[in-house]
Amino acid sequence: MTPGLLHTRVSASGRGMPSGAALDPQALMKIKNLELRARTVVEGFLSGLHRSPYHGFSVEFTEYRQYSPGDDVRYLDWKLYARSDRYFLKRFEDETNLRCYLLVDVSESMQYGSLSYTKADYARTAAATLAFFLSLQRDAVGIMTFDEQVDQYIPPRFRPGHLHRVLASLEKPPRGAKTDLVGPIEQLARLASKRGLVVLISDLLAPVDMLQRSLPYLSTRGHEVIIFRLVDPAERRLPFSSASIFIDMESGRQLYVDPQVAREEYLRRFEAHSKALAQLSAQLGIDYWEMPTDAPLEWALFDFLQARLRRGRLVRRRGDAKGGS
Amino acid sequence: MGFLAPWFAAAFAALAVPVLLHLVRRTPRGQVRFSSLMFLSPSPPRLTRRSRLEHWWLLLLRLVALSLIAVAFTRPFWRERAEVVSEPTAAHRVLLLLDTSASMRREGVWEEALRQARQLLDSLPAHDQAALWTFDKTVRPVVDFDAAAGRDVLRAELEQLRPTWQNTDLGTALLEAAERLTVDESPYYQPRIVLISDLQEGCRLESLRSASWPHGVQLVLRRVAPRSGQASLQLLPPDSQQKGFRFRIRNDRASQQEVFRLSWFRRQDGQRLTVGTPQSVYVPPGQSRIVTLALPDSPVEGAELHGDTDPFADVVYIAPIAQRTVPVLFIGNDNDGDPNGLLFYVVRGLVETPGRRIQLDHQNLDQAWQESLHNYRLVVLGGSPPAESWKAIADWVEQGGALLMVCRTVADAQAWAGQFLPDLDVAEGSVADYLLWSDVDFSHPIFAPLDDPRYRDFTKIRFWKYRRLQRTGEGQVVVRFDNGDPALLEYRHGEGRMLLLASSWQPSDSQWAVSTKWVPFLEGCLEWCGIRLGASPVTSVGMPLPVTWSIDDPRERIVVQTPGDETLTYSLNDFLQEETTVPGLYRVRYRDQEQLVGVNLDAGEIRTDAVDPTVLEQLGVQLGSEPDAMRQESARRQARDQELEKRQRLWQWLLASAVAVLFLETWLAGRLMRNAGKSGPHDSTRSDNG
Numbered sequence: 000m001t002p003g004l005l006h007t008r009v010s011a012s013g014r015g016m017p018s019g020a021a022l023d024p025q026a027l028m029k030i031k032n033l034e035l036r037a038r039t040v041v042e043g044f045l046s047g048l049h050r051s052p053y054h055g056f057s058v059e060f061t062e063y064r065q066y067s068p069g070d071d072v073r074y075l076d077w078k079l080y081a082r083s084d085r086y087f088l089k090r091f092e093d094e095t096n097l098r099c100y101l102l103v104d105v106s107e108s109m110q111y112g113s114l115s116y117t118k119a120d121y122a123r124t125a126a127a128t129l130a131f132f133l134s135l136q137r138d139a140v141g142i143m144t145f146d147e148q149v150d151q152y153i154p155p156r157f158r159p160g161h162l163h164r165v166l167a168s169l170e171k172p173p174r175g176a177k178t179d180l181v182g183p184i185e186q187l188a189r190l191a192s193k194r195g196l197v198v199l200i201s202d203l204l205a206p207v208d209m210l211q212r213s214l215p216y217l218s219t220r221g222h223e224v225i226i227f228r229l230v231d232p233a234e235r236r237l238p239f240s241s242a243s244i245f246i247d248m249e250s251g252r253q254l255y256v257d258p259q260v261a262r263e264e265y266l267r268r269f270e271a272h273s274k275a276l277a278q279l280s281a282q283l284g285i286d287y288w289e290m291p292t293d294a295p296l297e298w299a300l301f302d303f304l305q306a307r308l309r310r311g312r313l314v315r316r317r318g319d320a321k322g323g324s
Numbered sequence: 000m001g002f003l004a005p006w007f008a009a010a011f012a013a014l015a016v017p018v019l020l021h022l023v024r025r026t027p028r029g030q031v032r033f034s035s036l037m038f039l040s041p042s043p044p045r046l047t048r049r050s051r052l053e054h055w056w057l058l059l060l061r062l063v064a065l066s067l068i069a070v071a072f073t074r075p076f077w078r079e080r081a082e083v084v085s086e087p088t089a090a091h092r093v094l095l096l097l098d099t100s101a102s103m104r105r106e107g108v109w110e111e112a113l114r115q116a117r118q119l120l121d122s123l124p125a126h127d128q129a130a131l132w133t134f135d136k137t138v139r140p141v142v143d144f145d146a147a148a149g150r151d152v153l154r155a156e157l158e159q160l161r162p163t164w165q166n167t168d169l170g171t172a173l174l175e176a177a178e179r180l181t182v183d184e185s186p187y188y189q190p191r192i193v194l195i196s197d198l199q200e201g202c203r204l205e206s207l208r209s210a211s212w213p214h215g216v217q218l219v220l221r222r223v224a225p226r227s228g229q230a231s232l233q234l235l236p237p238d239s240q241q242k243g244f245r246f247r248i249r250n251d252r253a254s255q256q257e258v259f260r261l262s263w264f265r266r267q268d269g270q271r272l273t274v275g276t277p278q279s280v281y282v283p284p285g286q287s288r289i290v291t292l293a294l295p296d297s298p299v300e301g302a303e304l305h306g307d308t309d310p311f312a313d314v315v316y317i318a319p320i321a322q323r324t325v326p327v328l329f330i331g332n333d334n335d336g337d338p339n340g341l342l343f344y345v346v347r348g349l350v351e352t353p354g355r356r357i358q359l360d361h362q363n364l365d366q367a368w369q370e371s372l373h374n375y376r377l378v379v380l381g382g383s384p385p386a387e388s389w390k391a392i393a394d395w396v397e398q399g400g401a402l403l404m405v406c407r408t409v410a411d412a413q414a415w416a417g418q419f420l421p422d423l424d425v426a427e428g429s430v431a432d433y434l435l436w437s438d439v440d441f442s443h444p445i446f447a448p449l450d451d452p453r454y455r456d457f458t459k460i461r462f463w464k465y466r467r468l469q470r471t472g473e474g475q476v477v478v479r480f481d482n483g484d485p486a487l488l489e490y491r492h493g494e495g496r497m498l499l500l501a502s503s504w505q506p507s508d509s510q511w512a513v514s515t516k517w518v519p520f521l522e523g524c525l526e527w528c529g530i531r532l533g534a535s536p537v538t539s540v541g542m543p544l545p546v547t548w549s550i551d552d553p554r555e556r557i558v559v560q561t562p563g564d565e566t567l568t569y570s571l572n573d574f575l576q577e578e579t580t581v582p583g584l585y586r587v588r589y590r591d592q593e594q595l596v597g598v599n600l601d602a603g604e605i606r607t608d609a610v611d612p613t614v615l616e617q618l619g620v621q622l623g624s625e626p627d628a629m630r631q632e633s634a635r636r637q638a639r640d641q642e643l644e645k646r647q648r649l650w651q652w653l654l655a656s657a658v659a660v661l662f663l664e665t666w667l668a669g670r671l672m673r674n675a676g677k678s679g680p681h682d683s684t685r686s687d688n689g
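Residue numbers (numbering that gives the first Met the number 0), protein chains in the order written: chain A, 0 to 324; chain B, 0 to 689.
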């Protein structure tokens, strides 16, 4: 690994990210193949953790159920029959494993990027990384890309070639339209009948009340929701110096803006929006992570695992409390 | 200094545009595509005072460039150099086309036409070229452009002109005049035809339909109108169902009269005397009536219309058709009441017409008719006379007689051959079923009238018997049967001619006499032997006098006495080609025969209602108007200015200067931009700054 690909930093936002070397996103994005990009991130991440992917937190105990007439014989455990001379059904793995829905925003605003890549590139890589990581853990991964409506939907599966389908769908060029979080999330809530994990990767450049309407659809159905909000460095700082006509990438609206005059107001509103999003997520029990697009992608994976661990502890605590009472 | 297109000076208003742009130019250098404007608020536009101060050189250059372009479009030129430039010759080539047809004889029309022609000649500038042509049915160049004659010659020739009695062919005249103007086309002369005509309804514009009007030739119409509308009288072809003569009385739309009287007249001591009682006719303006007038007992020369204010076309000349007797001899042992014989069909086939009466004499073959042969022009021989009679027949034919020999039997043909063609081989033809005529010579006088696709069908005439004629010598085969054998042969003998018919028209031989071709065949035989009867002795001005008698000797002179009592002598060929020029009664004498011929105005010429000039435009004629003096002077001045401007070509220099200034402006603007780019802030974002 060349020194140029190393990106060493300590989390400025106080995450519990262990210090160490991480891949520079700019160098990572030069890898054209999305699967290779995801593999690079995941393997680098795992090598730092020194943990086996096959002993992940999502592995549940497998159970058997005695066969009764009418059950599908395909699921008979013949090895067990050989051993025990009894007919037992093997419980579905996907029932026990994690079902993860990656919800990726491909709207026009995601095509913005002040770096050498856009927010959409970053989002695709992050989603591919998560999908690759989960598939290594034999978890079922599905994906839904959306702008103002659902663009593509692949239900969660764990089977050979499924990861490839997911990655291929991520590589499709975006259609480019406005962001609408209500419709696609509603649709996902209808499609995802079984509980699972929903990871929303978006810039969330939409009114907060829109999210206020849509996110409860997921949380009330028992889904765990993690939000990765992608923020371009230029969006956070508004570094422009000369007055220009600013064109909204989604609506095409044009506005004459002198950044020197408008910056202060912009930053104030931007922070207010971020706070409102964080506040809303906290209310709904949603893990909300703001992710600058110049940050290493391992952070996304780390934040993901953090959320899972915390959720696991939370569940366990709830279980302990229930058991204690 | 002058300007050829001063209205382009309005473009100086465009100078305000760069000034305004420099004043209101905003600071944004371009556009930035941003993910969302939801956190941005618009900034108020700012005027930059610096631009007015810093870029005034740029502004000045732009103003200069625009000014130069605007001045160039006004096409400036220096007037003080006008003296050295020769006077341009932007002139007209005017062809004065004067109508001299008969309709110009209406009251006041010709005087008005002359007045307008004089006025035109007087108003033409000296440098214009002028020609004078007249036309009726033909075009006559009186004074052409090529002639070195001045306006005085034109005026003198104009005064000599008089209207004729001919009809009008305006279309041809216009085309010829336009062609003349395009023959030697000069860029300095604008071709123009000035037509002075009454443009009456019968002026014939058909030729314009089949020709395209040459580009650039303008027709200026100077219409002359009569003082008032009038009525006209026209002789119609006789109706066989009615006795007397038929006339059409046409009343102009502009006419003031409605009631007319029609009567016969004859001339006495140079005056027209009314014969009989006039017939009153009511014809409203714009309508026509057809009136039949019976001939009185006393001789008349024509009919006259009374009650019309204009005497034009009020008289029609008629000539009584003298019915002549045409003697035809049929020799044969037939009975004219026997439908199985030949004579039965000849009697019924030779019909009487107003101009001729057929005197058909019948003699049996063995009767003593030999001495009387010279009384007949046509003899039909339906059999074989005694041998001694053949000599008389041969002599008669040799002296100019016309013989129709019908071979009813082989013996008939052999008898004829014994006298005229000993080598002729005759046999009874063998017919399996029937024969048809298949090869008819339609150039022969007998069949020439049938030379039309509607009448050429001979396939319904069947022949069951015929005589096969071989070794026919010099005989011209007029018709063949469909088996190739001759059916009708023509022989010349001395001055006369003979037709040899290989079959006959009696029902046992053929269906010929009961076919529709029978009567035309007999008429053709009369024509063939030189009997030209039945032609109408009335014609119109411009046509040759009709031949209404038999031409026995083409070398004989024909004497014509015109209505003006002038006596002219013609050979036959000259007579057939000589056109009449004046309406009236012509007296034609040939040998001892005399024929009166009435010559009237052409039927088209008396249709005197005015034609809408837009009809000419519909036919492609480019109508124009005559330029007045002020406009001509203005045009001359304009042409002079154009010439000056064309020589000086200041606009080219101005445009070149403007281009140079624009290059300078581009260079300066680029330099200013570069300087601004070096000193100004640089955005690190990916944006589309222009």
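What the hints contain is simulated information worked out from the structure, not anything from laboratory work. Check before you lean on any hint, since a few could be wrong.
Quick partial rundown of chain A residues pointing at chain B, CB under 7 Å, derived from the structure [as the list claims (entries may be wrong)]:
no., residue
1, Asp-120
2, Leu-204
3, Tyr-216
4, Ser-243
5, Asp-247
6, Gly-251
7, Leu-254
8, Val-260
9, Arg-262
Not the full set, but computed from the structure, chain A residues with beta-carbon under 7 Å of chain B [said to hold, decoys possible]:
no., residue
10, Asp-76
11, Trp-77
12, Leu-79
13, Tyr-80
14, Ala-81
15, Ser-108
16, Tyr-111
17, Arg-158
18, Leu-162
19, Ile-246
20, Met-248
21, Tyr-255
22, Glu-264
23, Phe-269
As the structure is a prediction and not an experimental result, all values here were calculated from the model. All C-beta atoms in this analysis are idealised placements derived from N, C-alpha and C, irrespective of residue type, glycine included.
Legend entry - Interface hint for Ser-108(A), Cβ within 7 Å of any Cβ on chain B: 4 Å, holds
Legend entry - Hint validity - Tyr-111(A) Cβ closer than 7 Å to any chain B Cβ: 4 Å, holds
Legend entry - Interface hint outcome for Arg-158(A) [beta carbon to chain B under 7 Å]: Violated, about 37 Å.
Legend entry - Status of the Glu-264(A) interface restraint (C-beta, 7 Å, chain B): 6 Å, holds
Legend entry - Interface hint for Gly-251(A), Cβ within 7 Å of any Cβ on chain B: 10 Å, violated
Inset, instruction - Hold the hint about Leu-162(A) up to the distance rule: shortest CB distance to chain B must be less than 7 Å. - result: Violated: closest Cβ of chain B sits about 30 Å from Leu-162(A), beyond 7 Å.
Legend entry - Interface hint status, Leu-79(A) versus chain B (Cβ within 7 Å): The hint is violated - Leu-79(A) has no Cβ within 7 Å of chain B, the shortest such distance being about 56 Å.
Legend entry - Given hint Tyr-216(A) near chain B, where the shortest CB pair must fall under 7 Å: 23 Å, violated
Legend entry - Given hint Leu-204(A) near chain B, where the shortest CB pair must fall under 7 Å: 4 Å, holds
Inset, instruction - Against chain B, run the beta carbon of Ile-246(A) and see if the smallest gap drops under 7 Å. - result: 5 Å, holds
Inset, instruction - May I ask you to test the interface hint for Trp-77(A) with respect to chain B, counting a Cβ-Cβ separation under 7 Å as satisfied? - result: 56 Å, violated
Inset, instruction - Using Cβ atoms only, decide whether Tyr-255(A) comes closer than 7 Å to chain B, and label the hint accordingly. - result: Holds: closest Cβ of chain B sits about 6 Å from Tyr-255(A), inside 7 Å.
Comparing the model with each earlier hint shows violations of hints 1, 3, 6, 9, 10, 11, 12, 13, 14, 17 and 18; every other hint is respected.
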